[in-house]
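Colleague: Residue-level listing of the chains:
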Amino acid sequence: MYGFEAMTFNIHGGYLEAIVRGHRSGLLTAADYNNLCQCETLDDIKMHLSATEYGPYLQNEPSPLHTTTIVEKCTVKLVDEYKHMLCQATEPLSTFLEYITYGHMIDNVVLIVTGTLHERDVQELLEKCHPLGMFDSIATLAVAQNMRELYRLVLVDTPLAPYFSERITSEDLDDMNIEIMRNTLYKAYLEDFYQFCQKLGGATSEIMSDLLAFEADRRAVNITINSIGTELTRDDRKKLYSNFGLLYPYGHEELAVCEDIDQVRGVMEKYPPYQSIFAKMSYGESQMLDKAFYEEEVKRLCLAFEQQFHYGVFFAYMRLREQEIRNLMWISECVAQNQKSRVHDSVVFIF
Amino acid sequence: MEDQDKARTCENQLEEEQLDEEENVVTFLDSMDAYLTLIDSLSSTLRQGWLELASARHSMGASRISSSLFDLKLHSAATSLRVTEDDVDSKMNQPHFTLCKWASSDNGKCCSGEAKFDGDELQKKSVSSQLRYRGTSQFDEPQEIQEKSPTCKSPTSNGSPLSLDSPVQKQRHKSLSVFGTLVSPKLRAAQFSFETALETIVEIANMRSSMLSAFDQVQKDIESISTGEQ
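Read top to bottom, the protein sequences are chains A and B. The first sequence: position 127 = 127 (full-length UniProt numbering), numbered continuously. The second sequence: position 71 = 71 (full-length UniProt numbering), numbered continuously.
Because the hints were derived from the structure by calculation, they are not lab data. Please note that a few of the clues may not be correct.
As the list claims (entries may be wrong) - Below, in silico cross-link-like pairs of lysine-lysine (DSS-like), each with a Cα-Cα straight-line distance of 30 angstroms or less:
| id | chain 1 | residue 1 | chain 2 | residue 2 |
| --- | --- | --- | --- | --- |
| 1 | A | 270 | A | 238 |
| 2 | B | 174 | A | 187 |
| 3 | A | 270 | A | 280 |
| 4 | B | 174 | A | 238 |
| 5 | A | 199 | A | 83 |
| 6 | A | 270 | A | 239 |
| 7 | B | 220 | A | 128 |
| 8 | B | 170 | A | 238 |
| 9 | A | 238 | A | 280 |
| 10 | B | 174 | B | 73 |
| 11 | A | 239 | A | 199 |
| 12 | A | 128 | B | 174 |
| 13 | A | 187 | A | 238 |
| 14 | A | 299 | A | 280 |
| 15 | B | 170 | B | 73 |
| 16 | B | 170 | A | 239 |
| 17 | A | 299 | A | 77 |
| 18 | A | 340 | A | 299 |
| 19 | A | 280 | A | 340 |
| 20 | A | 199 | A | 238 |
| 21 | A | 187 | B | 170 |
| 22 | A | 239 | A | 83 |
| 23 | B | 174 | A | 239 |
| 24 | A | 299 | A | 199 |
| 25 | B | 73 | A | 128 |
| 26 | A | 187 | A | 199 |
| 27 | A | 128 | A | 83 |
Since we're looking at a predicted model, the values are computed, not measured.
Produce the complete structure using the sequences and hints provided.
Modeller: Now the structure itself:
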């Protein structure tokens, strides 16, 4: 019953909620970002990060640093924290935590399959995979020639199996089929995660419904914009939208027929939560849309911490850390390319 | 009377030679100015391209935009460069570079209307008239290239869709498909910037060729003057 989580939540989830709230207080602040934005070299960035929780992960890295090294080490920290929480968690929290990583798993599957299609070395591809999305038989993906083999040989024993079974075909894997597979898997994953959170009920259901609905809506907008001018038909585009969210179903009907960014704007401005996002952009512009969506997402994720005794804080923390790593990646790129005037184009302050 | 005519003819010849020499110097300085402007333009275009690529990686994720996704299968080049010898005033040969962009993989022919762009127009501008590009914006050159191309359209200027019917656009999408078929507009903008940079490089090569040719001419004039003085 919603409202009575305080009576029982701490029995199994109290320790980990305290842990994740402690981790949250280690997120970089606006003062940290201001210092980082003034760095002249990547070694300066490393020096500033040595005073943060990333210090131990970067201290042994030799100069000259590369932007990918900074991102990799920050990601290792996130993975360590996640694994600690996962090994301490009991059901249903452990399943909830695993759900958070399925998106990365899908990205890794697509990376391996695409790289193999382009005749790349499997070991090289495995090094590029996100550590949160690794599973035991991932290297075997390189053997599959079509989707049926992909499912039968590898994915049937992974958590992605339920998302795959509806769309198995014997079509060869090419760039378009892989893209459709990626988005179809992600759609099925989001819907499954949404259903799981609904079953949990209580504050978790309420908070996660809002966060996942926003994710589904953002995906719909990105799919629409990215598919403008491509071979993807309107029907195929509509099939990639999730079956929940604020835009479902009428917004999806309108997005499916959009041919340019202004038409997308016209659809989204009918929905009050997204009016403020598109109000920040001028007509015809889409460059700042990503940042506007990230800012809105960060706002919603921070609000998740305002309430106790729910699992949404774990999801929010993981997403906030990923946003922080994106910020560090962008700052590092601007410093490395000597384009510090553009550093505020994509940095999203969390606090 | 005849002596006066001869003297007048000699004076006229000397004046003409002097005018030719001055014209050669002006030609050389104009071509050098255009060359330096193009270098500056190339630098800013490449900076923009690299930042757009970083922006696309930030938007789509590092795993989606990575060198490990490049296609290692054998395929024909989408863009090629042709080098020809150009006769300048029937006296010397000057190398001339022509870019053939977005060749169709079926027949190898250039499918781009802008493929014949070879810097001739810029060269003519620098050679002819007395007006020089002093104080023009460093961003003029990429805009000029855009204006010359009938099929070229900036993907970020007005957000209007890229027509898939154009074979050039099809080839552009095909080359980006290594990163997936649904890519961010930022990646397309980066592709466009690097494409513009490639055109600028070819212009620079042609401009350098004409600059060196003008320099040779000036050298010869100096030598002839010093020989005449001796």
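Colleague: Take the hints in turn and mark each one as holding or not.
Modeller: How the hints compare with the structure:
no., hint, result
1, A:270 <-> A:238, "holds, 19 angstroms"
2, B:174 <-> A:187, "holds, 25 angstroms"
3, A:270 <-> A:280, "holds, 15 angstroms"
4, B:174 <-> A:238, "holds, 23 angstroms"
5, A:199 <-> A:83, "holds, 25 angstroms"
6, A:270 <-> A:239, "holds, 22 angstroms"
7, B:220 <-> A:128, "violated, 59 angstroms"
8, B:170 <-> A:238, "holds, 23 angstroms"
9, A:238 <-> A:280, "holds, 27 angstroms"
10, B:174 <-> B:73, "holds, 14 angstroms"
11, A:239 <-> A:199, "holds, 25 angstroms"
12, A:128 <-> B:174, "holds, 23 angstroms"
13, A:187 <-> A:238, "holds, 11 angstroms"
14, A:299 <-> A:280, "holds, 16 angstroms"
15, B:170 <-> B:73, "holds, 20 angstroms"
16, B:170 <-> A:239, "holds, 24 angstroms"
17, A:299 <-> A:77, "holds, 23 angstroms"
18, A:340 <-> A:299, "holds, 25 angstroms"
19, A:280 <-> A:340, "holds, 22 angstroms"
20, A:199 <-> A:238, "holds, 27 angstroms"
21, A:187 <-> B:170, "holds, 28 angstroms"
22, A:239 <-> A:83, "violated, 35 angstroms"
23, B:174 <-> A:239, "holds, 23 angstroms"
24, A:299 <-> A:199, "holds, 25 angstroms"
25, B:73 <-> A:128, "holds, 20 angstroms"
26, A:187 <-> A:199, "holds, 19 angstroms"
27, A:128 <-> A:83, "holds, 20 angstroms"
Going through the hint list in order, the structure does not satisfy hints 7 and 22.
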